[in-house]
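Student: Going by UniProt numbering, the final residue of the sequence shown carries number 636, and the count climbs one at a time with no gaps.
A portion of the hints provided could be inaccurate.
Computed list of lysine to any residue pairs in SDA-like fashion (alpha-carbon distance at most 25 Å, straight line) [stated by the list, open to error]:
#1 Lys130 x Ser114
#2 Lys115 x Asn606
#3 Lys575 x Met285
#4 Lys287 x Leu546
#5 Lys287 x Gly234
#6 Lys513 x Arg276
#7 Lys195 x Gly154
If you are wondering where the hints come from, they were derived from the structure by calculation, not from laboratory data.
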Amino acid sequence: MYNTSAWQKKMEEREGSQIEERIGRDTEEKQNRMRPQSNRQGLDSGQKRQQDLYLGCLTKQRLITISVATGLVILLVVITVTAVVLTKSSPAPLPSFSTGGDMLDFLVQSGVISKPDGLLATWFHRVNSKEDINKALASEIMILEADVTLEGYGTANEKPVPIMAHPPDVYSDNTLEEWLDAVLASRKGIKLDFKSLKSVGLSLDVLIQKNSSRGINRPVWLNADILQGPNIPGFLPVVNGTRFLQLIQEKFSDVTLSTGWKVAYAPPLFTATYTRSMVADMYDMIKDVPQKVTFPVHALLVRSGWQHISWLLSQSPRFSLTLWQGSVHPNISDLLFVRDNTHPARVYYDIYEPTLSAFKQAARQQFHLRQFYPGGDLMDFLTTPSSHTSYQSTQHSSLAVRWFTVTDQASLLAQFSDGAGGMLVVQVASDSNQPGAPLVEGSGTSSEPLTLQDVLQLLGQNAEAAWGVYLRVHTLQLLEASLRLLHSAYSREMLYRPVWISMEGLQNSHNMKEFVSTVERLFPYVTLVLTEQNWLLQIPAIVTGLSQRVALHLNTMSLPKGQEELHSLMRMTDKYDLIVEEDTKNTAAVSAVLKEEMIQRAGRVNTHLYVISHQSCDWAQTTVLKKAICFIQVPL
Numbered sequence: 001m002y003n004t005s006a007w008q009k010k011m012e013e014r015e016g017s018q019i020e021e022r023i024g025r026d027t028e029e030k031q032n033r034m035r036p037q038s039n040r041q042g043l044d045s046g047q048k049r050q051q052d053l054y055l056g057c058l059t060k061q062r063l064i065t066i067s068v069a070t071g072l073v074i075l076l077v078v079i080t081v082t083a084v085v086l087t088k089s090s091p092a093p094l095p096s097f098s099t100g101g102d103m104l105d106f107l108v109q110s111g112v113i114s115k116p117d118g119l120l121a122t123w124f125h126r127v128n129s130k131e132d133i134n135k136a137l138a139s140e141i142m143i144l145e146a147d148v149t150l151e152g153y154g155t156a157n158e159k160p161v162p163i164m165a166h167p168p169d170v171y172s173d174n175t176l177e178e179w180l181d182a183v184l185a186s187r188k189g190i191k192l193d194f195k196s197l198k199s200v201g202l203s204l205d206v207l208i209q210k211n212s213s214r215g216i217n218r219p220v221w222l223n224a225d226i227l228q229g230p231n232i233p234g235f236l237p238v239v240n241g242t243r244f245l246q247l248i249q250e251k252f253s254d255v256t257l258s259t260g261w262k263v264a265y266a267p268p269l270f271t272a273t274y275t276r277s278m279v280a281d282m283y284d285m286i287k288d289v290p291q292k293v294t295f296p297v298h299a300l301l302v303r304s305g306w307q308h309i310s311w312l313l314s315q316s317p318r319f320s321l322t323l324w325q326g327s328v329h330p331n332i333s334d335l336l337f338v339r340d341n342t343h344p345a346r347v348y349y350d351i352y353e354p355t356l357s358a359f360k361q362a363a364r365q366q367f368h369l370r371q372f373y374p375g376g377d378l379m380d381f382l383t384t385p386s387s388h389t390s391y392q393s394t395q396h397s398s399l400a401v402r403w404f405t406v407t408d409q410a411s412l413l414a415q416f417s418d419g420a421g422g423m424l425v426v427q428v429a430s431d432s433n434q435p436g437a438p439l440v441e442g443s444g445t446s447s448e449p450l451t452l453q454d455v456l457q458l459l460g461q462n463a464e465a466a467w468g469v470y471l472r473v474h475t476l477q478l479l480e481a482s483l484r485l486l487h488s489a490y491s492r493e494m495l496y497r498p499v500w501i502s503m504e505g506l507q508n509s510h511n512m513k514e515f516v517s518t519v520e521r522l523f524p525y526v527t528l529v530l531t532e533q534n535w536l537l538q539i540p541a542i543v544t545g546l547s548q549r550v551a552l553h554l555n556t557m558s559l560p561k562g563q564e565e566l567h568s569l570m571r572m573t574d575k576y577d578l579i580v581e582e583d584t585k586n587t588a589a590v591s592a593v594l595k596e597e598m599i600q601r602a603g604r605v606n607t608h609l610y611v612i613s614h615q616s617c618d619w620a621q622t623t624v625l626k627k628a629i630c631f632i633q634v635p636l
């Protein structure tokens, strides 16, 4: 028992010793293992401190700060460059502009033309489809013309939606609303053409909505053919003009009206031009509207109908013309004729290339002879010299106009070299050797006889001479012969100056009708002059319907003497020009009153007072001008 117990005790001690030894070894090994790890951690810590310095000198935090700052600078540069590019490529916002404002004023304000001249405006036709409008917007064209109708117009599928299509098309990929959205992002002017009345009211509603929501901010022209014009049979329909104008006044009145005639031109058969009744009907239709009005006229018919078209244009400063063409190009000379007889701001030229460029080049030529309309206003002729001369008129006032009676060639040529200009008076008599041949009365006494043909030839050879001509014809036979000579000279482009003509012996309505009808038939491009026997203080009815200017020739004794009669005469100056001769003290006093009245009316009326005095006429040559002359523009 003892031994066993001792042995067990000894064994327990040995095991305890081994355990302690093992624990000690484990502790030492653990310490040994921990020592190299601690060394490595120290090494790694040093390396990490070295790695925290970037580029050898920057800490991570400092590098991040520099990177952020650099990024912000780059971003700022990108934003600035983008803004500059967009500013240069995108048009500046348009200043406020009325939809009823003047188109040329808008183009000048937009910076696309330098001055209000209709020849500078350019047009793009039938801008209806989206492809067409994209092409037009990308171009430098200034005014877009498009056609408005209803979707499915005239079919079972018709809808009350205005679309952009030209007949016979009744469907389109473009509605009026979409079209306006595209155009309003540009600087282009707008002209909408209506071929039927049905689309007008709905289109005006769209215009109202667009103008309210975003502002149209540019001129809007509304066009329709409201009357039948040249070479159109009566059964072809036009847009109801009365209703067209009424809708515009009711819905969207702040526009420019473009009211025209339905026209056909197909030479050699269908070449008739505008008539007096056509322009009179148009005037009756639009005379009371408040808007600006432009009249579209066919460029190939405008010159032959100028006596009527010019009358219409003269009725209001709100009126203008828009020349347009079909497939046949107009003559450059005809276009120059229109430009020479109108203010540049009152005629637009919707003409195709290459004619348009050729026309512009011709209009810019320095030595261009002005093709003055013989039936035009004398003061316009005297105050607007031809561009091919250095002539500068001193007759800016109608009171300064000179009058000269032609009796021989030498004195006539002397007037041409004078350069001042004025009005030549020619008494047309009959040659005893050649009855019916127009001869200048008073010639042949001290020199060779001077014929009317000689006078016209000399005028043609001296185109730069600023003289008009007033023919006083004695008989109907001489009238016919004189008109034929005038027509011949004009056809040869030898008569671009004012022409007045009168005939003696018009005491009854029958003779008056013969006088007027003869002029209309042979050479209507003149100012008609009536003597006092035919006037009798009332304009003859046959004259009131003429497009030509009309002059009333008064005897000195016919001038009013009383204040009431004088004021009655002055009321006529609201419409008429007056010419009074100062040959006595009485008439001098009357003319002084007239001058004072005209000064007071200056700026309110567009009329002139002409005065013939001893200082403005060679009285030693003839007594033909010992009368007072009252020149008037006869109203419709």
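Student: Please flag the earlier hints that this structure goes against, numbers listed from lowest up.
Tutor: 1
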